[in-house]
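Line order of the protein sequences matches chains A and B. Take the first sequence: its letters are residues 1 to 248, numbered as in this note's numbering. Take the second sequence: its letters are residues 1 to 322, numbered as in this note's numbering.
To be clear, the hints were calculated from the coordinates, so they are not data collected in a lab. Be careful, since some hints might not be right.
DSS-like cross-link-like pairs, simulated, lysine-lysine; straight-line CA separation at most 25 angstroms [as the list claims (entries may be wrong)]: (1) A/Lys188 - A/Lys72; (2) B/Lys290 - A/Lys231; (3) B/Lys122 - A/Lys221.
Over 12 angstroms on every C-beta distance to chain A, these chain B residues come out as not near it, computed from the model [claimed, not checked]: (4) Asn168; (5) Glu174; (6) Glu179; (7) Thr256.
In this text the structure is predicted, and so the values were computed from the model without any measurement. By construction, the Cβ of each residue, glycine as well, lies at the ideal position given by its N, Cα and C atoms.
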Amino acid sequence: MKIAVCVSHVPDTATKIIVGPDGKTIDQNGVAFILNPYDEYAIEEALKTKEKFGGDVTVLSVGKEANKETIKKALAMGADSGILLKDENDRDSLGIAKALAEEIKSLGPEIVFFGKQSVDYDNSIVGQLTAELLNYNCISVVVNLNIDGNKVIAEREIEGGREVVETTLPVVITAQKGLNEPRYASLKGIMAAKKKVIDEKPAVVSEPLVEVIKMNKPHMKQAGRIIGTDKTAVPELVRLLKEEAKVI
Amino acid sequence: MANKILVFLEQRSGNIKKSSLEACCKAVQLAKELNYDFEAAVVGGDLNNVESVGRYGIGKVVHFKNDSLKDYSSSGYSKILADQINQIDADIILLSNTALGKDLAPFISIKINAGLVIDCIKLEIENGEIIATRPVYAGKALIESKLLSNKKIFTLRPNVFPIVESDNKQTQVEVVQVENPDLRSRVIEYKKSDGKRDVAEAEIIVSGGRGLKGPENFNLIEELADSIGAAVGASRAAVDAGWRPHSEQVGQTGKTVSPNLYFAIGISGAIQHLAGMSSSKCIVAINKDKEAPIFGVADYGIAGDLFEVIPALTEELKKYKS
Numbered sequence: 001m002k003i004a005v006c007v008s009h010v011p012d013t014a015t016k017i018i019v020g021p022d023g024k025t026i027d028q029n030g031v032a033f034i035l036n037p038y039d040e041y042a043i044e045e046a047l048k049t050k051e052k053f054g055g056d057v058t059v060l061s062v063g064k065e066a067n068k069e070t071i072k073k074a075l076a077m078g079a080d081s082g083i084l085l086k087d088e089n090d091r092d093s094l095g096i097a098k099a100l101a102e103e104i105k106s107l108g109p110e111i112v113f114f115g116k117q118s119v120d121y122d123n124s125i126v127g128q129l130t131a132e133l134l135n136y137n138c139i140s141v142v143v144n145l146n147i148d149g150n151k152v153i154a155e156r157e158i159e160g161g162r163e164v165v166e167t168t169l170p171v172v173i174t175a176q177k178g179l180n181e182p183r184y185a186s187l188k189g190i191m192a193a194k195k196k197v198i199d200e201k202p203a204v205v206s207e208p209l210v211e212v213i214k215m216n217k218p219h220m221k222q223a224g225r226i227i228g229t230d231k232t233a234v235p236e237l238v239r240l241l242k243e244e245a246k247v248i
Numbered sequence: 001m002a003n004k005i006l007v008f009l010e011q012r013s014g015n016i017k018k019s020s021l022e023a024c025c026k027a028v029q030l031a032k033e034l035n036y037d038f039e040a041a042v043v044g045g046d047l048n049n050v051e052s053v054g055r056y057g058i059g060k061v062v063h064f065k066n067d068s069l070k071d072y073s074s075s076g077y078s079k080i081l082a083d084q085i086n087q088i089d090a091d092i093i094l095l096s097n098t099a100l101g102k103d104l105a106p107f108i109s110i111k112i113n114a115g116l117v118i119d120c121i122k123l124e125i126e127n128g129e130i131i132a133t134r135p136v137y138a139g140k141a142l143i144e145s146k147l148l149s150n151k152k153i154f155t156l157r158p159n160v161f162p163i164v165e166s167d168n169k170q171t172q173v174e175v176v177q178v179e180n181p182d183l184r185s186r187v188i189e190y191k192k193s194d195g196k197r198d199v200a201e202a203e204i205i206v207s208g209g210r211g212l213k214g215p216e217n218f219n220l221i222e223e224l225a226d227s228i229g230a231a232v233g234a235s236r237a238a239v240d241a242g243w244r245p246h247s248e249q250v251g252q253t254g255k256t257v258s259p260n261l262y263f264a265i266g267i268s269g270a271i272q273h274l275a276g277m278s279s280s281k282c283i284v285a286i287n288k289d290k291e292a293p294i295f296g297v298a299d300y301g302i303a304g305d306l307f308e309v310i311p312a313l314t315e316e317l318k319k320y321k322s
């Protein structure tokens, strides 16, 4: 089975966000970048799918030269080859999806994995956009996946539970935490990754539909008050919730 | 341009969701400011009192009906709605940013060639253009953006936009029977989780963290939550330790929430957690370390032993509720 997995290169979740000099993006000074956490579940599921059905796993990423680090991480986990669709500029979700769809079209995988969202812009839509551009079926926010012949049955997380979705290949799956336990790259895997090929080509040009006007820091709450250090503070807390905050 | 807004009503078991009413109210308000027409669309089987949206100013609802569309089908719903948007030539489309709305909106956007901004917490008109504000980096920053396409889709974060009754209208419901819906992808079963309430939709959340010391002590959190009808949440530390399911995780790799009242219990307040909950309207922190960062965002804090404070709080709230 031909399998693709799309990954993004994002600031570490422990990053303190500072608005950059352009007022529209973050200040990247001193920011450590990592493989998007949700993409780890996507890679793991791609590898498990390969182990079950045979085939190969291609990793794709849209962005700058630095994204190769993230592609290498996926190769070290066990993916077979990588493709960097290069663009020095940031793109909106549709721009990323168009670049990926164009490349995936020529690869022709039966299944494409994404993380359910990237933790930078928190857009949880690139997987769906790519699927629609390719006319693939799509199931998002997946926590359980079963493929049987041409049939795909997945559970996706929704409010208050899970819904079980049935569809057919070819399919795009976006992975949610809980889908699997991502493996660590072994030393052997890291060494092997050095010999694997990362293809590089320019991402197809596309017109953005979203224009960012500015980035702000949210209005942070002022620290309130500590009303006590033991259970004798409880009646006062309940009174404040009732009379001052009016939330109960 | 037809100068028209279409608002999508989401139903579950035939009932319109509360978050869709929030989208209705925003649609009515935007329509007034822009001098636009507006109407609603809903997809499903039999519906219960869809006419009640009249109370929020919606005069017309088109109900696309077929029993096989009772549950969500991304292929079916997106095709029907894209056709309807083109049919009535709507140029602004509002959905709520629920699990369904987030899944559905991008499919529609490609079909109708529209730009899309998801998870908006503010939509305002400046010089005739809609400016959408949404959180990024799990709420550590906000971006304001506008769409450059003719057709524009926005999904609205639940629990943020107010529901206001206005211009009580007699709602006209037009039923359209759908022939042969596209069911290539469809929901075949719903599995309700064991938890009683979901953090994503709750007005009150009680979250526990590593300070609970073990999964067996989460009964303290559950009892407190039960006493005030709250949902149970958890910090990443508690989820990664396997104490609680991921569906309860609040924070950057979990859910971003903004309930009316948030209790953070035995949670120190790592930046990833603060990002996911600091927009809550009122925050109570209970933690024995008075230097914990969580107190920096809390309205009220008790810097004490949670094993002593929580049972007392549960009792006090039970007393208050009865």
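Right, here's what the structure says about each hint:
no. : hint                : verdict
1   : A/Lys188 - A/Lys72  : 13 angstroms, holds
2   : B/Lys290 - A/Lys231 : 15 angstroms, holds
3   : B/Lys122 - A/Lys221 : 18 angstroms, holds
4   : Asn168              : 27 angstroms, holds
5   : Glu174              : 28 angstroms, holds
6   : Glu179              : 21 angstroms, holds
7   : Thr256              : 8 angstroms, violated
In terms of the numbered hints stated before, the structure departs from hint 7 and from no other.
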